[in-house]
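K.L.:
Going line by line, the protein sequences match chains A and B.
Residue 330 in our numbering is what sits at position 330 of the first sequence, and the numbering runs on without skipping anything.
Residue 373 in our numbering is what sits at position 373 of the second sequence, and the numbering runs on without skipping anything.
Quick caveat, the hints were computed from the structure, so don't treat them as lab data.
Treat the hints loosely; a few may be bogus.
Chain copies aren't distinguished; within one or between two, either way the pair holds.
[To be verified] Straight-line alpha carbon distances no greater than 25 angstroms define the calculated DSS-like cross-link-like pairs of lysine-lysine that follow:
hint, residue 1, residue 2
1, 212, 374
2, 24, 39
3, 212, 277
4, 125, 244
5, 73, 261
6, 239, 121
7, 121, 181
8, 208, 125
9, 212, 35
10, 344, 181
Protein chains: 2
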Amino acid sequence: MPDPYKVDAYSVEGRVDYEDLIRKFGVEPIGDDLKERLKKDAGGDLHFLLRRSIFFANRDLSWLLDQYEKGNKFYVYTGIAPSGSMTIAHLLPFIMARWLQEKFGAEVMIEIPDEEKFLAKRDTKLTIDAAHELAYSDALDIAALGFDPKQTTILIDTDHAGVLYKQAARVSKHITFSIVKDAFGFGNDTNIGTLFYTSMQAVPSFLKSVQKGRNIPCLIPLGIDQDVHFRVARNAIEKLGYYKPAIMHSRFLPSLKGGPKMSSSDPDNAIYLSDTKETVERKVNRAITGQQSTAELQKKLGGDPDRCAVCQYNRYLFEPDDRKLERIFEGERNGTLLAGDHKKDLAAKINGFLAEHRKAREKLKSRIGEFIPKP
Amino acid sequence: MPDPYKVDAYSVEGRVDYEDLIRKFGVEPIGDDLKERLKKDAGGDLHFLLRRSIFFANRDLSWLLDQYEKGNKFYVYTGIAPSGSMTIAHLLPFIMARWLQEKFGAEVMIEIPDEEKFLAKRDTKLTIDAAHELAYSDALDIAALGFDPKQTTILIDTDHAGVLYKQAARVSKHITFSIVKDAFGFGNDTNIGTLFYTSMQAVPSFLKSVQKGRNIPCLIPLGIDQDVHFRVARNAIEKLGYYKPAIMHSRFLPSLKGGPKMSSSDPDNAIYLSDTKETVERKVNRAITGQQSTAELQKKLGGDPDRCAVCQYNRYLFEPDDRKLERIFEGERNGTLLAGDHKKDLAAKINGFLAEHRKAREKLKSRIGEFIPKP
């Protein structure tokens, strides 16, 4: 029997059994055949997030590729609940979205639901204006990942409600309290803004079809904990006469200490895009590894890459070269790679990425309006 | 014991006991003292809708007049669920709003919630775009009542969600499913758009304060069936730090056949602003009166103005002169006024009003943009 674990829209606990999750959520694995097709359609290249099954499950991806191969291009939708300071875990769907833009010529639509953050935090002092500022900060972080401004639109819910709300109302007509109660675990004490919110999250997955006046396929890369929003919305969207969006689900980047998911609400176990060089070094230095307690034992017995956050961060984000990654894993396994060097290498990679990212972010500050349409 | 009757946000049934309703809803009557104050503050004039207690109840009206007398002017908010073709019953809050604008120099904000109409009609084919067209038609009817375009703003929810949604989210955080379940009789099968909607209706009652950056009193004239929205919203609005809106509640214009409320969903028992001269004559001719079954009996026994739709329409809308109204009532009571003449007189008054209204409406067609801000 697998260990107990929990994955829902609001929390991830325990050691996640991803095979089990595929059955539980009723999604499909991204198997070798789908990977081959993606590679071919992408022009012979497959992103390492797919090669390594970080994006591991899907809904209707095969259908989406049918459409693509018939010349019916898709667009990409993803998003983030505003954090003000994104972690490296937040990057996964955006890296995938950017790759899809580059390889498939896909337009990208990004939603940052500032009201969700505000509505969900029952006990904090976060105002809706503060949430809105966090959203703008995230928009800069996202744009800095290299999206093409001509092919990318960032929508911030309270700014773009003029576009979103009408369509959300259409979705909401097909979603009852029972449905969101069961799907999200809401109760009688849930506020009505939170009850309604999933309708707002649904909109960008068919908005392009509304705007163009014809059905356009949509692909959503997201963390599998967010799948529930679209389990609910896909039925409603189909009733409105639009294509149900296809979805690619990612695994969770583990926390530095080995928890199931790096979370921005646990600062010591997360690396933020705003972290300084020294902070990154300090945090990585305290990360869990799969190694033995002493250098001597490590040399003798070796370690376990699956339990090693440092190996996993290389796998998920910082070592695109499969052969180099295998050398890191091998070094961990056979004990030739010492924890100190291992961590120093990762910290340098992260800091290299963050330095570039900060530069790109700074440059975009005056140009963010190219991504965010005037409300 | 009073007859059973029912008044909620969605229906009115039975013979409404307005005294009982005041207790049940926890509102205050508009007594002689308040009428005197209103008259004085209005410059010596009191609208017949107040003189005749058609507007009969209130929340915080005395506080509002305190503020006014201290120089703290109020603005007026009212609205209508889009009908596409307003009935004369719909006019009551707008006539009051216009009078308040004229006598108190009040700005007027009007909300037309096209999404509410769309969301509430579970079984019809009404699209949200069709509801939106109805809203524009109503906007013209409202503007044609003589509002000052410089002092009047009409907001249509799907067009102005860019302004409304953010504030609605703030309201919604303080309203749970339990609250709307109890207040509106919603259940597990209610759609989440309808659950959320009351937050959108709340916004114009404090929007001016948001826009001006300081607290501005608001007065809402409305049919008492809509009070429930503000029983819910006033607490939330207070928690946000704004004044709770004051309210003036009207009675219901009876239906032509004597039902408790003229409803636009019952075409034969309602008079629409779009009805032709002949239609008005035909409908009024079939209206219930308080008279006896024959002219002879009528002359002998007299009639009952309270049961007579014709008398009531004069009282609510078409005979502003109290002495002339008393003569009509007296004629009904003592039997000197025959049903045929009685009806002919009313039909002529209604048609006179509708002819003027249509002219004003036609003139405004090209100028409606002065009332509806660019989204």
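K.L.:
Compare the structure with the hints numbered earlier in the document and write down the numbers of the violated ones, lowest to highest.
P.N.:
2, 3, 5, 9, 10
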